[in-house]
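Asker: So the protein sequences, as listed, match chains A and B.
Per our numbering: the first sequence = residues 5 to 188.
Per our numbering: the second sequence = residues 5 to 188.
The set of hints was computed from the structure by calculation and includes no laboratory data.
Glycine is no exception: its CB is placed at the ideal position from the N, C-alpha and C atoms.
Keep in mind that the hints are not guaranteed to be accurate.
Restraint ranges, calculated between C-beta atoms of paired labels, are given here [stated by the list, open to error]: (1) A:P25 x B:D66: 52 to 60 Å; (2) B:E57 x A:D81: 51 to 59 Å; (3) B:E59 x A:A166: 53 to 61 Å; (4) B:A62 x A:R176: 45 to 53 Å; (5) B:E9 x A:D106: 33 to 41 Å; (6) B:S16 x A:S107: 19 to 27 Å; (7) B:N72 x A:R176: 33 to 41 Å.
There are 2 protein chains.
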Amino acid sequence: MTFMEMELARESTRAYDPDHPVSREDLVRIVEAGRLTPSGCNAQPWKFIVVDEAEARAKLCDALVVENGMCGAPFRDQVPAFIILVELPAKIASAVLQHYGDSQRFAPGDIGMAALNMSYEALELGLSTCFLGMNDQKKMEEYFGIPEGYQARLVMAVGYPAKVEPPRKKIRKPFEEACSFNRW
Amino acid sequence: MTFMEMELARESTRAYDPDHPVSREDLVRIVEAGRLTPSGCNAQPWKFIVVDEAEARAKLCDALVVENGMCGAPFRDQVPAFIILVELPAKIASAVLQHYGDSQRFAPGDIGMAALNMSYEALELGLSTCFLGMNDQKKMEEYFGIPEGYQARLVMAVGYPAKVEPPRKKIRKPFEEACSFNRW
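Okay, chain A solo, but in the shape it has when bound:
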């Protein structure tokens, strides 16, 4: 499989088989792909919390609902495992800190890269994933002991798809709109 074939096969899955759990061995392999991700100044500004026990999953499903009952993951109760990607305060080079005045300048991008790597590893293991961007930070802190203010930047759902189907066509803006040469 070429890398492009893998990229085209990787997609967000929103229907999972609730009766097919993900093994700890597979979850550890997926996290390992996240752990080895590059990061700005190699700060590794992440902690991964694997959520695969019933009680913790129920809490996470609740934390994925925000004010007014809004939730980006109506399918959440069928997901057998999640990985919470917590953003840590980053130790970056003093020159970068001086220039941007923001220790977290690279951290959300680093977390994005870790999530993507984990989703590729999951794909290779026959698993499907979905990145969930919205959660109730206060519930995340309360339910999982995340230190106050440490952003639960992303949650990744992991499981076997309810139905195996060919990848959907990717809807993206055309190349000419996304790219230019030597000038905006």
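Given the structure of chain A, go ahead and fit chain B onto it with the hints provided.
Answerer: Positioned in the frame of chain A, the structure of chain B alone reads:
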């Protein structure tokens, strides 16, 4: 090659062969891997500027130097091509915007994922890459016509390595520090 083998082979290269240019065809393939990247609410908050002509490269090399002569890429003059990843204002779901009050909540992570995908595609083409996080925003706007305030979030160096060597061992915090189960 398994995904993990690819992940272990992908690394930051800081010594390039200045006499070996990168073909437009390869640069287009690399950008294509970025264009197809997933993003929060499929906002695709990116524009990629390929920099492969001498004059534009010289300008970019200047824009990579910030105040006090600080620069994260002392090897920049040897790089035959760059891709600037500009972060665009993101159109995200109204629920997310309402909850976080920040249209750019996901954008830096999306840019990180696009950069990582491009680096994998480059790797497959026999090319090396390096993510450069620091630049002079005002120079970027002036030299490349980037609209005021649109962050030049990352620059990716692309080229053939000065010397082909086995991948370095990745220095990362141990698994036990990076991961926990069901609780912080």
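Asker: A separate judgement is required for each hint: does it hold in the structure or not?
Answerer: Hint-by-hint comparison with the structure:
1. The given range of 52 to 60 Å is respected by P25 of chain A and D66 of chain B, whose C-beta atoms sit roughly 55 Å from each other.
2. The beta-carbon spacing between E57 of chain B and D81 of chain A, approximately 54 Å, falls within the hinted interval of 51 to 59 Å.
3. Range check, E59 of chain B to A166 of chain A: Cβ separation about 54 Å, and the 53 to 61 Å hint holds.
4. Distance hint for A62 of chain B and R176 of chain A: a CB-CB separation of about 32 Å, inconsistent with the stated range 45 to 53 Å.
5. Here the CB-CB span from E9 of chain B to D106 of chain A is close to 35 Å, well matched to the stated 33 to 41 Å.
6. Under the hint 19 to 27 Å, the C-beta atoms of S16 of chain B and S107 of chain A, about 20 Å apart, fit the expected range.
7. A C-beta distance of roughly 40 Å is found between N72 of chain B and R176 of chain A, which places it inside the suggested range of 33 to 41 Å.
Checked against the numbered hints listed earlier, the structure breaks hint 4 alone; every other hint is satisfied.
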